[in-house]
Amino acid sequence: MSRAFALALRQLRADWRRFTVCALTLVAGVALMVASVTSLQDMERSLATSANSIQGLGPVSVVPSGAGGSLDDADVQALTSLPDVTRVIPMTSFFTVGRGPGGAEHEINVTGVPVDQGRLGVEDAVDGRLPAAGAEEATVPGSLAERLEVAPGDTLELATDGEVSTVSVVGILDESRTQVYAGNSIFVPLPLAQDTSSQGAGFTRIDLQLAPGVEATPWLAEHSPALSADMSPIDIGSAASSFAPVLTAVHTVLLLCAAAALLLAVALVAVAFAATVRSRTRSYAVLRTVGASPSWLQRSVLWEAGVLGFVASAVGVALGVGASGLVSMALATLLPIESSTPSITWWAVLGGLCVGTLACLLGAWVSTRTLARATVGQLLGEAAHHPNPAWMRRTALGACALVLAALLTLAPWLPGSVAAFVLALTGAGLVAPAAIRAGAWLPRAARWPVGISQDSVLHNQAAGPVVTVMSILITLGVSLSVAVSSIGTAMTNQVTRQFGADVQVTTASPQDSSIDAALRTIPEVTTVSSTSSGQVDVVAAPRDPSSSRLVPALAVDPTSYFESAQLPWVDGSDARTPAQFQASDSSVVLPASLADQLGLAVGDQLRLEGGGSAADVEVVATYASLATGMQIVLPQGTASTLGIDGATSWNVGLQEGADPAATAERVSEALAGIPGVHVSTAHEMREIAESELRTYTLIPSLFTVLVVGLGAIAVAGLITLDVSGRQRTFAILRAVGGSRSSLRAFVLLEALRYAVAGIVVGLVAGLVGGTALNHVLGSVLGTSTRLSVSVIQLILMSGGVLVLMLAAALPTARRVSRLHPATILRTE
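For the working numbering, add 70 to where a residue sits in the sequence shown, where the first one is 1.
These are computed hints drawn from the structure, not numbers from a lab.
Heads up, the beta-carbon is just placed ideally off N, CA and C, and yes, glycines get one too.
Certain hints may be false.
[Claimed, not checked] Label-pair restraints from in silico Cβ distances:
| no. | residue 1 | residue 2 | range |
| --- | --- | --- | --- |
| 1 | D143 | W416 | 53 to 61 angstroms |
| 2 | D686 | V473 | 41 to 49 angstroms |
| 3 | A202 | H748 | 31 to 39 angstroms |
| 4 | E633 | T156 | 51 to 59 angstroms |
| 5 | S294 | W483 | 32 to 40 angstroms |
| 6 | V473 | H748 | 48 to 56 angstroms |
| 7 | H748 | T629 | 21 to 29 angstroms |
| 8 | E177 | G743 | 14 to 22 angstroms |
| 9 | E292 | S238 | 42 to 50 angstroms |
When you get a sec, could you build the whole thing from the sequences and use the hints?
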């Protein structure tokens, strides 16, 4: 074993350049895995230590069940009588916009607390004081005070129903000195919040303080059944768990990327060692003749792979620990938790070293199986490598995979779409070697470099792995491009139709009819259509509670809404649906994805519940919703019975020839006294949507570029390995009269053949994979999108792959053209 290890070290030192690409890929995979695991551990520890800091005024909170509900004094009395409850703190809160004395605005949550019922437990963390009972005063969290530019003694304006309310800031809450996470909440006396909100004497939340030593979770398990049906209890101490899905999703993506990088490393290691073993066949034959066993030779190669894998994994672990700090910092900007210094655990280091080393050993073992079975005669044989007849079976299997993937995309079923995407990638990898062989059977060109390159792909064992890797990566890139293009087209179409009014006005809090009156005083305004927003419970089957969904609702004026806006209909039309919608208040328009989830179609009946009331409505149309999620559209009359009152948006139509930008300025001047009013034109809305779309598609686009770039690097490395193993062939060609330019053309033509084969297979499989990925993303986003293929993007991607491949192969082509035939043949 020691001699095998010594031989492995000498060979690795001599051929280290062959393994550069696969070693770098292995480093990236191990680093990504370690960074994911380490940062996940750090962030989970931060969540655990900060769980108590994301609390309310008690460890248990009770909120109304259903949309638009509220709690009352009877609920307070019922909660007070429960065992181990020491105090009940009723609260009322609502969202609006606050404006500081300097004009700075921010969305805030006005929270009314019973300041006249004793200490709340946050007094010691307030610089100043809490608001006095019966006074129009507020205490503001420090972070929010900085954004609003307010201090004790300043006046804060609040946008409320039809008017502007003012409160005096009397204290600043330092959240670092308390267990209450205030966020964007300001604290005011409870009666003031009730008077300025739509709840009246009701409460939106009741916090419970428990006796010392009583834990919230077991208390809830014991006493939750005693609560009435209109109460929904929450364990505030477990609020940190609400961020767990975000962490899980991010780290799942990172681990999947790490797994993909490790699998790619295994493939590259296998190809690299296969080329290395082929170049050493005569040396291995000599060792066999002097007594070395096949297993001993195989062990020497595995020792070589083990050393390479251990070194690359060690570098990857070091980079992964450093990268985990960057991941933690990025997550800390998304979640209300502190970033922490990465802590190195022995199992993370050991796991990274073991996984990376095993990946390298696996790739090497795949390439040494033929070495263990080969005889001395086979190792010394000069016969050309015969094509493996198994390629025909793999091609047939790959074609079946692509056909099955295409069939699965015909039905928008999430598991089937995921399977179709995987099958598309698999099929591309299996069919790719046949594509490169098909190119070799084309009519022979007149120039000899072209003809020889056609023959070489039939006998070159490296051609299959090269074009396989390229095809899979192009398939992935095309799939991402198609999916992103489909989402972008759907979002742009919805924004253009639904938000196409000449001028649009929005507010953060519901307003009365005063804004309508102000808008109608502007001469060029012809129509004003107000809308309201809220939430309702959609019940597809009243006798089945599991069919209920809490969804956002848009209440519109059926007589005027469709004069300035439309929806991207799936089952509906501009000519038919508005008339049906206006004919009856008992109508509703559903997002197509919501209708599919609930098993509803046009003409079906369903029940809407909210605000303590219910309404039976009929589905009159469905539309493709992306920018607005699961938002349903219903008449304002029905919405009013469900507790959705007060307009929050207005679509304004103008006279023909009027300037929307000039009118928007006049509207802004007319409504300047109301905080939180935003005025925009249809053109500005489209620009905002396109800007947001660019932000959403930036990461997939960058990943696509990364995929293509990684593919070019990997394939360039494989071509370099392949060319270095055929130096004798190039020397012979040079000796019989081949020019330097002909040898360069020979190598570049091979690279071009690989690229063309990969592009052809990748485009076909990528369209299938893109259709499947479009269904997957639509299901994840809760929307329906139609397939949209950007031909320009595909052309640019194909051209980019060709350029990258030729650029990556150019250094190798130049190196081949500079070979000295006498030196190479003498060595051989």
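Now for the hints, and whether the structure bears them out:
Distance hint check for D143 and W416: the Cβ-Cβ separation is about 58 angstroms, which falls inside the suggested range of 53 to 61 angstroms. Between D686 and V473 the C-beta distance comes to about 46 angstroms, which sits within the given range of 41 to 49 angstroms. Between A202 and H748 the beta carbons are some 34 angstroms apart, a value that agrees with the proposed interval 31 to 39 angstroms. The hinted window of 51 to 59 angstroms between E633 and T156 holds, with their beta carbons roughly 58 angstroms apart.
Distance hint check for S294 and W483: the Cβ-Cβ separation is about 36 angstroms, which falls inside the suggested range of 32 to 40 angstroms. Between V473 and H748 the beta carbon distance is about 51 angstroms. The supplied range of 48 to 56 angstroms therefore holds. The hinted window of 21 to 29 angstroms between H748 and T629 holds, with their beta carbons roughly 25 angstroms apart. At roughly 18 angstroms, the beta carbons of E177 and G743 sit within the given window of 14 to 22 angstroms.
Remark: the range hint 42 to 50 angstroms for E292 to S238 is upheld by a beta-carbon distance near 44 angstroms.
Figure legend: structure checked against the earlier numbered hints; every hint is met.
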